[in-house]
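J.: So you can see what is in the structure, the chains are spelled out below.
Number of protein chains: 2
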Amino acid sequence: MSKKAVIILSPGYEELEAVAVVDILRRAGIDIRIAAVENGPVASARGIKIVPDVSLDEIKDDKFDLIVLPGGLDSTETLSGDGRVIGMLRNQIDEGRMVGAICAAPTVLDRHGLAEGHEITCHPVCREAVRHSRISDKRVVTDGLLVTSQAPGTALEFALRLVELLEGTEKMKEVNKGVIARL
Amino acid sequence: MSKKAVIILSPGYEELEAVAVVDILRRAGIDIRIAAVENGPVASARGIKIVPDVSLDEIKDDKFDLIVLPGGLDSTETLSGDGRVIGMLRNQIDEGRMVGAICAAPTVLDRHGLAEGHEITCHPVCREAVRHSRISDKRVVTDGLLVTSQAPGTALEFALRLVELLEGTEKMKEVNKGVIARL
Numbered sequence: 000m001s002k003k004a005v006i007i008l009s010p011g012y013e014e015l016e017a018v019a020v021v022d023i024l025r026r027a028g029i030d031i032r033i034a035a036v037e038n039g040p041v042a043s044a045r046g047i048k049i050v051p052d053v054s055l056d057e058i059k060d061d062k063f064d065l066i067v068l069p070g071g072l073d074s075t076e077t078l079s080g081d082g083r084v085i086g087m088l089r090n091q092i093d094e095g096r097m098v099g100a101i102c103a104a105p106t107v108l109d110r111h112g113l114a115e116g117h118e119i120t121c122h123p124v125c126r127e128a129v130r131h132s133r134i135s136d137k138r139v140v141t142d143g144l145l146v147t148s149q150a151p152g153t154a155l156e157f158a159l160r161l162v163e164l165l166e167g168t169e170k171m172k173e174v175n176k177g178v179i180a181r182l
Numbered sequence: 000m001s002k003k004a005v006i007i008l009s010p011g012y013e014e015l016e017a018v019a020v021v022d023i024l025r026r027a028g029i030d031i032r033i034a035a036v037e038n039g040p041v042a043s044a045r046g047i048k049i050v051p052d053v054s055l056d057e058i059k060d061d062k063f064d065l066i067v068l069p070g071g072l073d074s075t076e077t078l079s080g081d082g083r084v085i086g087m088l089r090n091q092i093d094e095g096r097m098v099g100a101i102c103a104a105p106t107v108l109d110r111h112g113l114a115e116g117h118e119i120t121c122h123p124v125c126r127e128a129v130r131h132s133r134i135s136d137k138r139v140v141t142d143g144l145l146v147t148s149q150a151p152g153t154a155l156e157f158a159l160r161l162v163e164l165l166e167g168t169e170k171m172k173e174v175n176k177g178v179i180a181r182l
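If you're matching them up, the sequences are chains W and P in order. Position 78 of the first sequence, counting from 1, maps to 77 under numbering that gives the first Met the number 0, and the rest follow consecutively. Position 178 of the second sequence, counting from 1, maps to 177 under numbering that gives the first Met the number 0, and the rest follow consecutively.
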């Protein structure tokens, strides 16, 4: 059975971060769905409109091996204020399953006390907003159930780390043979 | 006046390569349109559906400072067989303007004699198909009007090189401050 994951899009999401995760996880055979907080195509931070696979309401009670939040400042504000998203994240962590967040999105975890005492990273411009977590300078940080990363330029490393954690190092290396990312 | 660019999507395009180029060029203030060979959302190699900004028919007679072809094996076959695309590429080069191609897409240039005698790079699995150009091992190659690159993992370097060529090194570095790609 393939592992299940979901990435949650909200208007203004960072497009490269979202697409890198979906592309790389699908290359690894992980069943990742693109969910959106609203119906219809969702415009990214720079106006790329992606048609989601499902709405958040359709999948908010499902179990996933991994929930991913892409960055984007507007998107992060919306995700942080959406009770469905915070409920999903809280259950995910309470039940011992993985959460990935990149760029501005790790601040959602921090703000809702979901990263308390953990080491995380995020985009340098968001660091001052972090209150309850320790900030790392690393490009990708794994601490417990949380995997965090910094920016579009670290998104491939982030996606490959998620593959490594879900499917092992060999699978990650196999995927990267075709992708040719610098690790 | 901002520079104008277009990226041409056809079903099966490599999504990360396409989105990296649009994201980075828009961050640099370049007016890049997403054109598609058919109407409606276009599904990528791994099923991400992007809504194009325009159809190819709407813009095929327009002038662009840069035309970009993303990779993807199916997409590359379609682009190579589309007379509108080949006509645009031929005019672009005849009139001394830039073409970017990544992954499988540089083979379109090779096949139609548009890279004759030039140095290009492409995805390692496509190298045997190259007949009329010299293959380089570099991750991004600039030779004359042609900028070519290898894979999703080199797409950010490719996109940043395009910014550097269109808007200068300072602009490229400024964009990469927020993007944090390794150059």
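Where hints are given, some of them may not hold.
[To be verified] Computed list of lysine to aspartate or glutamate pairs in DMTMM-like fashion (alpha-carbon distance at most 20 Å, straight line): (1) Lys2/P with Asp61/P; (2) Lys2/W with Glu37/W; (3) Lys3/P with Glu163/P; (4) Lys48/W with Asp93/P; (5) Lys2/P with Asp81/P; (6) Lys137/P with Glu115/P; (7) Lys2/P with Asp30/P; (8) Lys2/W with Asp73/W; (9) Lys172/W with Asp30/W; (10) Lys176/W with Asp136/P; (11) Lys172/P with Glu57/P; (12) Lys2/P with Glu76/P; (13) Lys2/P with Glu118/P; (14) Lys48/P with Asp136/W; (15) Lys48/W with Asp136/P; (16) Lys59/P with Asp81/P; (17) Lys48/P with Glu163/W; (18) Lys62/P with Glu76/P; (19) Lys176/P with Glu169/W; (20) Lys48/W with Asp64/W; (21) Lys2/P with Glu163/P; (22) Lys2/W with Asp136/W; (23) Lys3/P with Glu127/P; (24) Lys62/P with Glu156/P; (25) Lys59/W with Asp30/W; (26) Lys176/W with Glu156/P; (27) Lys3/P with Glu76/P; (28) Lys48/P with Asp30/W; (29) Lys176/P with Asp136/W; (30) Lys2/W with Asp52/W; (31) Lys62/W with Asp73/W; (32) Lys48/P with Glu37/W; (33) Lys2/P with Asp136/P; (34) Lys48/W with Glu115/P; (35) Lys137/W with Glu173/W; (36) Lys59/P with Glu76/P; (37) Lys48/W with Glu156/P; (38) Lys176/W with Glu115/P.
Please keep in mind that the hints were generated in silico from the structure rather than gathered at the bench.
J.: Holds or violated: Lys2/P with Glu163/P, Cα cutoff 20 Å?
T.: Measuring from Cα to Cα gives roughly 12 Å; hence the hint holds.
J.: Taking only the CA atoms, is the gap from Lys176/W to Glu156/P under or equal to 20 Å?
T.: Satisfied, since the Cα-Cα distance of roughly 18 Å is no more than 20 Å.
J.: For the pair supplied as a hint, Lys2/W and Glu37/W, confirm whether the alpha-carbon distance does not exceed 20 Å.
T.: Distance ~25 Å between Lys2/W and Glu37/W Cα, so the pair is violated.
J.: Quick one, are Lys2/W and Asp136/W close enough, alpha carbons at most 20 Å?
T.: violated (30 Å)
J.: Given the hint that Lys137/P pairs with Glu115/P, does the C-alpha gap stay at or below 20 Å?
T.: holds (18 Å)
J.: For the pair supplied as a hint, Lys176/P and Glu169/W, is the alpha-carbon distance within the 20 Å limit?
T.: Judged against 20 Å, a Cα distance of about 32 Å means the pair is violated.
J.: Hey, Lys2/P versus Glu76/P, does the alpha-carbon distance stay inside 20 Å?
T.: violated (29 Å)
J.: Under the criterion that the straight-line Cα-Cα distance not exceed 20 Å, is the pair Lys137/W, Glu173/W satisfied?
T.: With Cα atoms ~24 Å apart, Lys137/W and Glu173/W exceed 20 Å; violated.
J.: Does the structure keep Lys62/P and Glu156/P at a Cα separation of 20 Å or less?
T.: Roughly 25 Å separates the two Cα atoms, so the pair is violated.
J.: Going straight from one Cα to the other, do Lys2/P and Asp30/P come out at no more than 20 Å?
T.: Status holds; Cα separation ~6 Å.
J.: Would the hint linking Lys48/W and Glu156/P be met if the CA-CA limit is 20 Å?
T.: The hint is violated at about 23 Å.
J.: For the pair we were handed, Lys48/P and Glu37/W, check the Cα-Cα distance against 20 Å.
T.: Holds, at roughly 16 Å.
In terms of the numbered hints stated before, the structure departs from hints 2, 4, 5, 8, 11, 12, 13, 14, 15, 17, 18, 19, 20, 22, 23, 24, 27, 31, 33, 34, 35, 37 and 38, listed from lowest to highest.
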